[in-house]
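Chemist: Below, each chain spelled out in residue letters.
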Amino acid sequence: MSKRIDVKDLNVYYGSFLAVEGVNINIEAKSVTAFIGPSGCGKSTFLRTLNRMHEVIPGARVEGEVLLDGDNLYGPGVDPVAVRTQVGMVFQRPNPFPTMSIRDNVLAGVKLNNKRISKGAADTLVEKSLRGANLWNEVKDRLDKPGSGLSGGQQQRLCIARAIAVEPQVILMDEPCSALDPISTLAVEDLINELKDEYTVVIVTHNMQQAARVSDRTAFFNIAGTGKPGKLIEFADTTTIFNNPSQKATEDYVSGRFG
Amino acid sequence: MTVTAPVARKRSALTKGQLPAFAPYVVLAVALVLGAAILALIGFNAFGWGLVSAILFAIGLVGWSALVEGGRKASDKLATCLVVGSFLVALLPLISVIWTVLVNGIPGLVTPGFLTTSMNGVTGSLDNKSVDEGTKVLGGIYHALLGTVQITLLATVISVPVGLLTAIYLVEYGNDRALARAITFFVDVMTGIPSIVAGLFAAAFFFALVGPGTKTGAVAAVALSVLMIPVVVRSSEEMLKIVPNELREAAYALGVRKWRTIIKVVIPTAISGIASGVTLAIARVIGETAPILVTAGFATTINNNVFGGWMASLPTFIYTQILNPTSPSNPDPSSQRAWGAALVLIILVMLLNLVARLVARLFAPKAGR
Amino acid sequence: MTTNSLTTSRGAGRAGDKVFSGATLAAGCLILAVLFGVALFLVIQAIPALVAPSADIQGGHGFFAYIAPIVVGTLIAAVIALVIAAPIAVGVALFISHYAPRRLASGLGYVVDLLAAIPSVVYGAWGAAFLAPQISPAYGWLASNMGWLPIFQGPASATGKTILTAGIVLSVMVLPIITSLSREIFLQTPKLHEEAALALGATRWEMIKMAVLPFGRPGIVSAIMLGLGRALGETMAVALVLSSGVLTASLIQTGNQTIAAEIALNFPEASGLKVSTLIAAGLVLFIITLAVNMIARWIISRHKEFSGAN
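Protein chains in written order, with this note's numbering: chain A, 1 to 259; chain B, 260 to 628; chain C, 629 to 938.
Please keep in mind that the hints were generated in silico from the structure rather than gathered at the bench.
Be a bit skeptical, because a hint or two may be false.
[Stated by the list, open to error] So these bits of chain C aren't anywhere near chain B, every CB distance computed over 12 Å:
1. Val-679
2. Ser-682
3. Pro-697
4. Gly-768
5. Gly-883
[Stated by the list, open to error] Part of the chain B face toward chain A, derived, beta carbon under 8 Å:
6. Ala-509
7. Tyr-511
8. Gly-514
9. Arg-516
10. Thr-528
If you're wondering where the values come from, they're calculated on a predicted model, not measured in any experiment.
Note that beta-carbon positions come from the ideal geometry of N, C-alpha and C, so glycine has one too.
The following block holds chain A by itself, in its conformation from the complex:
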């Protein structure tokens, strides 16, 4: 239930603006990879190219290859919708569907695609997904209440449950804790640690302690200046990045000396 990602010479554009340049990275299956770097360095943009969410923005496009277990996401005839069922995503701000109950939110990926599912199978899937997101015990008595009534941390875990209910190979997380308080953040971080047993997890974070806590490998992105493209500077084991980086820029960044 998890696949590796290999990125080859990827350039990411907004219209004619080159936002991220020349990324080569190999992400192992069943691991947690963190992207760190200053604001605007393109780490979120790059993350969104891994499930073709980037092109949702008008004018956005990509050059290069992203291989999911050898299959190119950007190959001819590839359906972005099929890509997204295999590579799920969790966003910065929790975004449960306001018109749906907690249960329907978990089943959203199934129901919105009009797949037939028996009630028993749906119940099993809801429980499995919510348990997988460490949310089952908190919401099992109010599955028919609106998802927007939950706390921020619970909403974010509901969004994770919604993502894993589609049974993806990879889960992308775009600063999933930046809108949460410390206790909710802890709950989500614990969850990430459990998720890597089954999924390939890629997480963008501004918080270096978080990257150090949850990830196996860390990629550092940087930008030379405004208007210049973001680049992948260094990619290594998390302990290496934080204790013994090979690049000066990485060392400056992780030690707080910016520049």
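The hints should help you fit chains B and C onto chain A, whose structure is shown.
Modeler: Just chains B and C now, with coordinates in the frame of chain A:
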């Protein structure tokens, strides 16, 4: 200036040179008394009393302020008087219209059979008889009510899909392309088409297509659609725009196709606003007279077929009953029916407005535990 | 590359996307087609009146001799409506945005919107049955005291069914349009500007003069233009209130006619060339209102921040 006086018991320096707080009330009382006195000289009526008192009040307050507070404060007071006055003036016609319709409309409305009979067989001589012998006024608005419902329903059936789909195009697919900008511009222009021109268009269209003199409820419905579509587009567009982009992205990230995302996520989230906008659009066209006048003709009998034959509607019923009374020598029964119909029409429109507000509130996505 | 697991997806879903986006595009194009059709069909049906010999047109002097007085009548009625409605509407908008207590403001806005909800035929009936008789003594007074002005030349109409009454009824109908748009613009005045003026010791009126009105001026102008568009095309208020006649300068005598009322009064019984003549008149009205509305929209679009009003 040395501050040696005891702090208490002294008028604050900050309120020095101001009119006391009770000043407006004093001026108002004086103005009312003076106004009554003046009106008593030239013949009293309530409207004149209000008007004269208001003018006296403004002069008195502004003049007093000019003496005590100086020109700047006085002109501020003058502006306040004018602004508040204009609001009160704007309320006058509203109150007057509603009052006139209530007073004149209730006798017609409470006449037995008014809502359940048509004008079929009601002639001038019957009206003359009701005036001369004091019998009850015959005839009702059933045919007109039925016509209004049918025409408006058909117009809604045409307008809502077209309007909603266009709004979806503009918000979800348009991406500020030239075509989208052209549509936005012309929708704005369309909101300004005079209703009678919309009627003439539908008439001209069907004259050219079916044959000269084609007048049916369907032609009227097309005319009303021309007026209704831009309203539906604008309100739906606003509602779709405020659906957070995050919800669309959440659905895409689950591997949901764009059209399913729109149908299952975006529209349900915006549905309360869209429904309320559609209801307001219906309220707007249900009272339109001119387009129906030139497209559906007049009928005095019940017509159940919106696609064939002339059809009555409430607004045209009111119009013809006032302009061409059934009995030219005794217009009172006709005018009673017209006001009764006007009351029904206003109640319909107000109900639709109320429903629109309720829909907007009831179906809004709830955030509750 | 061999079998790519990502391409073998449900083709039906993709077709759904195409069908749906195509449908929305078609709906958008349909609207453009309708507007184009309005112009086209009006022109086609109007041509016979434009090419017919002068003697065949009502009045016997050709189409332009027929249309000119009612165009002028339309303009007179619309101008009266605006002269009355515009200052009051701006005042009402200011009242709701800057004078009324916050908690009442939205409710008061709703009350003004009710004015817009009342059907035009009801206004017409009200104007004819209530306003005209009530106001006719005032016309008598105007005729005897200000009769030296051409617009108040006597003898005043005894019924009060004059172009001035029609204009007053029209002003009630355009007032909510101007008010709602102006109100929206006044509410968008940058709070910083307002507070800067107040911090300088300005009174409320001085603050409005310094911050609110300059900011809202283009918006007010376009609101008035939109009100003008409505007043030009409004039918019922005039058809029911005015007892029409030839073009006269006096506003308090019977006489004058507007395009919309002329069509409404004559179209139901018209046939043959008369239909064409009236449709041509409608075309003229369409062009005039189109021009007015496009100018108004143009002013709004130059100031994008005022969008969202209609």
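Chemist: Looking back at the numbered hints, which does the structure fail to meet, lowest number first?
Modeler: none
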